[in-house]
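K.L.:
Same order as they appear, the protein sequences are chains D and Y.
Be aware that the first sequence starts at 18, since it is given in the numbering used here, and climbs by one per residue.
Be aware that the second sequence starts at 253, since it is given in the numbering used here, and climbs by one per residue.
Hints were generated in silico from the structure; no laboratory data involved.
Bear in mind that the values here come from a model prediction, so they are computed numbers and not experimental data.
All C-beta atoms, glycine included, are put in the ideal place defined by N, C-alpha and C.
Certain hints may be false.
[Claimed, not checked] Restraint-style ranges between C-beta atoms, simulated for each label pair:
(1) D:Q65 x Y:G456: 21 to 31 Å
(2) D:G34 x Y:F471: 47 to 57 Å
(3) D:P55 x Y:E393: 32 to 42 Å
(4) Y:L302 x D:E39: 29 to 39 Å
(5) D:A33 x Y:R576: 53 to 63 Å
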Amino acid sequence: MRIVVPSQLRDYTGGAGVVEAEGGSLGALLADLDRRYPGMRFRMIDEQEAIRRHIKIFVNREQAVRLDLPLGEEDEIVIVGALSGG
Amino acid sequence: MAPNARSAAKRTGSRRAGAVMLFVGTRKGAFTLRADAARRRWQIGGPHFLGQIVNHLVLDPRDGRTLLCAARAGHLGPTVFRSRDFGHSWREAARPPAFPKAAPGEKGLSVGHVFWLQPGHASQPGVWYAGTSPQGLFRSEDGGDTWEGVAGFNAHPMRTQWVGGEQEAPPDGATLHSINIDPREPRHLYIGMSIGGAFESTDGGRDWRPLNRDCAADFIPGPAPEYGHDVHCMRLHPLRPERLYQQNHCGIYRMERPEGRWQRIGKAMPKKIGDIGFPLVLHPRDPDTVWVFPMDGGTVWPRVSVGGKPAAYVTRDAGKTWQRQDKGLPERQAWFTVKRQAMCADARDPVGVYFGTTSGELWASRTEGARWACLARHLPHIYSVEAAALGG
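Turn these sequences into a full structure, and let the hints steer you where they fit.
P.N.:
Here you go:
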């Protein structure tokens, strides 16, 4: 699955803005991302499984709010860092 | 040399040499400043972690090369970066401080930021403690790579009452800080919280008890409360560990153990200055000497230099008397704040004292506060300044 990574997280991906990962749900996808890029998930998802306030994850241009959201192999995932202030 | 510095040198009977390094955490990254042996010339390094909010950057005094950095970014969650080679290379903690996941239907806590980093006892290499916002205590036994919550505090049945609800939090979030370890006994721990108060554990963190007797909390109505106080900064002197000093939201205090009562030594401060501030700094060799940096705690709490005229105050008699130290500092229209982690001392003789401001200036005194010089301007908002000796 193709994932667009924002600039704030590219230290984890070696600078790559687009990466690949697998998962049948958003939670599984993020777990796979963390296996490939250790530490990345906790910067986006807190210990109570909530998407952090200034991270937004879009699945096929719809904002995801739950980690149990099912995903298909053709889905496009865009992670955005947004509106965190000055 | 200033008279006070001369007397300090006479007291100790020795002069320590060697370079000094300052580790500066700011709202937009970390910086280092390295001095020559005379502490006259300083070389600035950085920014490191540009754009990350660095609350604390601390060198492990036990090995002189491990650095931990408490960081988060505006968009990203909190983490800890660690270096084993004095900052030449960095790796992120494999398991940063995090509260346990709550049971279904229950609301759990999430670490907003790691606020305070504390190397453990000298007999426990690799052990570190971290204090977080909201108030949580975490421990690492592997030099900061993996962190576990100290359940004796984080899951204490009284924790919620001790720290209050979200409305009790200061604007930047409630924090656990001022982690002090008794040099005589590694299981004897002290913590300070804003909000919550001072607490003590004598069993390595399994259980805790409030330590706020005779400390004011004028924002809590009714008779003197047992907890809920606002500790800004609390320090235990390693050479006299039965003594604690505290800069509180409601004054400057000293406690002698085991009695356990706070005495408001800030009453001896000039009335027009008051005894409100954030930082409190110990002299490394004289337990009677303490520096504070007062701020305006009147009316709506501007929290800036009183009257726009910044000054440190020092006591050399454990709080009986205080002397103003403002030579070299701006004489007017200087409205900055010095935060609780942004003032420190080195171990040289005479002691160097340092502070960073919310307006991004870094100031130093090679003469125990007798005269100040500005080392750097135009840095981001400074959160923390730590000094370390580089040998000599």
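K.L.:
Against the structure shown, which of the earlier numbered hints fail to hold, in ascending order?
P.N.:
3
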